[in-house]
Amino acid sequence: MSLGGFDVQVLRENGFATEEMTLNMGPQHPSTHGVLRFVVRADGEIMTEAVPDVGYLHRSIEKISEKVGYHGFMPYTDRVDYVAAMPCNQGWAMVSEKLAGIEVPRRAEYCRVIASEFNRISSHLIAVGTMGMDIGAFTPFTHALREREHINNLLEELCGARLTFNYMRIGGVAWDLPPDFAEKALAYIDRFEPLIDEYNALISFNKIYKERLVNVAVISAADAINYNLNGPNLRGSGVDFDVRRDIPYSIYPELQFDVPIGTGEEGTVGDCFDRYMVRIREIQESCKLLRQCLQQIPDGPVLAKVPRKFKPPVGDAYVRVESARGDMGWYCVSDGSEYPYRVKIRTGSFTAMSIIEKVSRGLMIADLITVVASFDLVAPEVDR
Amino acid sequence: MRDLVLSMIADGGLLAGMPYSLAAPLVMVAFGALVVFGFVLPIAGVTSWLERRVWARIQSRIGPNRVGPQGFLQWLADGLKNLLKEDIIPSAADKWLFSLAPYLVVAGFIATFATIPFTSSLIIADLNIGILYITGVTGIVVVGVLMAGWSSNNKWSLLGGIRSAAQIVSYEIPAGLSVFPIVLLTGTLSMQGIIRAQGWAPWDWFFFYNPFTFVAFFVFFVAALAEGNRTPFDIPEAESELVAGFCTEYSGMRYLLFFLEEWGNLYVIGAIVTTLFLGGWQVPAFTDNQTLLTVAQFGTFFLKAYFFVFLAMWVRATLPRLRVDQLMTVCWKYMVPIAIVNMIGTAAWMLLVPEALGRMVQIGMTVGGGVVVVVFFRRVRFHLRRANLQPSDYYYSPII
Amino acid sequence: MAGYFANIQETVTSIFEGMSITFSHFVRRPFTVQYPDKIPIPIQDTLPFRYRGILEVDLEICTGCLACERACPIDCIVIEAKKDKQTKAMMLNRFDIDIAKCMYCGLCSEPCPTGSIHHTSQFEGADYSLESMLRRFVKTPVAAYKPSKGPETDPEIVPFLDRGLRYLDDFAKPGGSSEPGGADAS
Chain A
1 MSLGGFDVQV LRENGFATEE MTLNMGPQHP STHGVLRFVV RADGEIMTEA
51 VPDVGYLHRS IEKISEKVGY HGFMPYTDRV DYVAAMPCNQ GWAMVSEKLA
101 GIEVPRRAEY CRVIASEFNR ISSHLIAVGT MGMDIGAFTP FTHALREREH
151 INNLLEELCG ARLTFNYMRI GGVAWDLPPD FAEKALAYID RFEPLIDEYN
201 ALISFNKIYK ERLVNVAVIS AADAINYNLN GPNLRGSGVD FDVRRDIPYS
251 IYPELQFDVP IGTGEEGTVG DCFDRYMVRI REIQESCKLL RQCLQQIPDG
301 PVLAKVPRKF KPPVGDAYVR VESARGDMGW YCVSDGSEYP YRVKIRTGSF
351 TAMSIIEKVS RGLMIADLIT VVASFDLVAP EVDR
Chain B
1 MRDLVLSMIA DGGLLAGMPY SLAAPLVMVA FGALVVFGFV LPIAGVTSWL
51 ERRVWARIQS RIGPNRVGPQ GFLQWLADGL KNLLKEDIIP SAADKWLFSL
101 APYLVVAGFI ATFATIPFTS SLIIADLNIG ILYITGVTGI VVVGVLMAGW
151 SSNNKWSLLG GIRSAAQIVS YEIPAGLSVF PIVLLTGTLS MQGIIRAQGW
201 APWDWFFFYN PFTFVAFFVF FVAALAEGNR TPFDIPEAES ELVAGFCTEY
251 SGMRYLLFFL EEWGNLYVIG AIVTTLFLGG WQVPAFTDNQ TLLTVAQFGT
301 FFLKAYFFVF LAMWVRATLP RLRVDQLMTV CWKYMVPIAI VNMIGTAAWM
351 LLVPEALGRM VQIGMTVGGG VVVVVFFRRV RFHLRRANLQ PSDYYYSPII
Chain C
1 MAGYFANIQE TVTSIFEGMS ITFSHFVRRP FTVQYPDKIP IPIQDTLPFR
51 YRGILEVDLE ICTGCLACER ACPIDCIVIE AKKDKQTKAM MLNRFDIDIA
101 KCMYCGLCSE PCPTGSIHHT SQFEGADYSL ESMLRRFVKT PVAAYKPSKG
151 PETDPEIVPF LDRGLRYLDD FAKPGGSSEP GGADAS
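Residue numbers (my numbering), protein chains in the order written: chain A, 1 to 384; chain B, 1 to 400; chain C, 1 to 186.
If we strip away everything but chain A, and leave its shape as in the complex, we get:
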């Protein structure tokens, strides 16, 4: 494997001298979901290898935490994955609370889950929309984004921002739900659920779309576990694992929800179509979760008393959160001062990049785009 070097192999088959082409699917590309680069070796249309090259969006976020402290790091966690920022906030809040042994009020936990599930829906809308756009259908993308705008409006009323929310604080959340939030949110979910069926009829069950996705890049369950895939990618391969249910945190034990897994309904288990349908079904499950939360939410405070100069005891903590892109791990080492000694974030997209090289052998170049879209990679998560 050589990264970018000119390595011409001459294949002689049937007396024809053929060469492999080395292509650069560069950091500037309409559909690599951010700045990602692939060095592709292809024999005509069929790839022999596609090596990813990451690091174009590295911003040293983990190092910045050592300068700004625990409270100040919260807005930076939004930028770790700006498409699904609430679970990132929650991860950081949870790891700081675990270090210092702070208990979060119940109403705050409900607010956190409501915010996270809304964000999960909007992140999955982007995922399925861009998947359609990369395959060539431009309309489902705009419809998905139109629905996402409504969610953004709701979250804007909740916390004042539409993308980088900075909603959660160590010990709870920063703002309580506005007075009319619950009824607006329920009205939105009522209006939104039939639109998922319309979206499915438009694109998910379209024959051409299914032909592009079914049996492409089949990842077996064993491979998915070995290569450390997470979230919808893992569940698309048939592995029944969801951090919210299996390593429960927050108030998820009190909520009823199913975990959709890939069943190979149109092709093989673990193909791109399974991963895509897992995301569509997760949107529906999040709607269910939101209804329960909005009805069950108790009264009470939404923020625990946390000192402004937050000095957790010496030690370390690791917390797992189910972000939209999978199992996000937050590891923090504290040396007793106001500033963390080391923060390490483990994201689902980063590990998904590692399997692309294996899965892309024998695929066509058009399929590489499909695979990258089906893993729902976002470049900020890969590079942090």
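Errors might be hidden in some of the hints.
Here are some, though not all, of the chain A residues that point toward chain B, as calculated from beta-carbon distances under 10 Å [to be verified]:
(1) I135
(2) A137
(3) D190
(4) D197
(5) F205
(6) V218
(7) A221
(8) M364
(9) A366
Away from chain C, derived, C-beta distances all over 12 Å, residues of chain A [what the hints assert, rightly or not]:
(10) P27
(11) Q28
(12) R37
(13) L57
(14) E62
(15) E147
(16) D240
(17) F241
(18) T263
(19) Q284
(20) I297
(21) V333
(22) G336
In silico BS3-like links for lysine-lysine, alpha-carbon gap of 30 Å or less [said to hold, decoys possible]:
(23) C:K82 with A:K67
(24) A:K67 with A:K98
(25) C:K101 with A:K67
(26) A:K309 with A:K67
(27) A:K207 with A:K184
(28) C:K101 with A:K63
Read the hints as simulated data drawn from the structure, not as lab findings. Cβ atoms here follow ideal geometry from the backbone N, Cα and C, with glycine treated the same way.
Add chains B and C to chain A, keeping to what the hints say.
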């Protein structure tokens, strides 16, 4: 056309006293220039504006609506902007072929307008091999696209160019084969001859003539879309994969010429489909006034052809694109066998089916077509109901 | 063989269905808001109260406690506050906010005791010069605000203080206590 020239010579004026062999080419060239600059190029431009508006409404947006009333002059602004852009030719590209390619593409598409019948008397050249000429001359487009892709000295452009060449060459076959049933029915290749063999009423069109021509229509339309590099077959210019495919390295007006060809080609496709299957300019003889009749014929032809332009835009907004191998599978495994079956079926129909039964089938199929349209609108209503729309969510006017 | 015709049939039906959905969108209202000219009310009035737009400081009620400067994670606030030796009053000499650096996180407005630094609903800050991105709120040195023991009586200050306290009241209170804002409890 001959009558028109003769009457112009006899009338006096500019052409008085000229021999026919001199006057006829002059009139043809003048008419051709008029058609190209007065009709083809503006139509291609307006189609680009219309496509953006149609797309936008499908996608819950508003298209361009600022430049001119409802954004109607947007295409002029785009054209002017592109003329003023820097003309970049990559240093490692083959300069002559790179510059020549857009012109070949545009020439291939404009040359088809020589045989498009606008009305019963307005046609630049009513060749007796009309439809064959069109099929042949659109082949120049392949040469242009391949030249563009290869001379750009860019691997992505090369991929786009080669894919496009493979695609267009392959889809010529079902397109040609689907024309054969019509040729069998009329016995002529001339465009005016084919139109005159049909009538103005839907049950007289070849579309509803027999089930084989019905299927031939769809095969032809899909093959024509593939030849025009339109979704679901726009792999050569796949925006999400190859940035712009074979025209990645082009900028400014050269780039716009490729797209001019694409939009103008939509009209050519519409015109050919109208001629072959939908009865062309045929209108009922409702008046003796020749001018009024000509205007009605022109309007009918234009509206029918433009409906297919609209249909192509609508299809492009709805469907994803096929991968290259799937494209080839569709062509060779599905469309070619179906087209051959159509051809044989039409020949058999001509021999075996008596006149009266054929007439009944025509009327039956027209009614069937109406039923399909009704079912379509019922589905549309179902989707609108399911989306739980408030009265304020409806907006019927295209003006916004 | 059966798969062959099933493929064709499925293609035709799914395309028919998809096209009926897209056709139904022709009669639906587009979602676009034609900002800034074709909107019925100014866009700032449609934004929620909590909207985190460009920062603004009401110097009339700024106490010079520097809590916002300490809380800012990106060092976009620069304050110079010195106790004047003669008058024993805290003088604010400089209060600069660099709105290009600011990441609109809201961490500065939480610890403010009076709500003088707050987010407005302005977001149209684009300009041609980089210098305009540095908002200098102190033109001439002013005295900082000393909160009075009882309710504020100065009529010039009351509207600012009311607005500031309403802004702070919106934040979550730690532990459900009735103390204003998320001010430090240590």
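Could you work out which earlier hints the structure fails to respect and list their numbers in ascending sequence? Violated hints (numbers, rising): 5, 6, 7, 15 and 27; every other hint is consistent with the structure.
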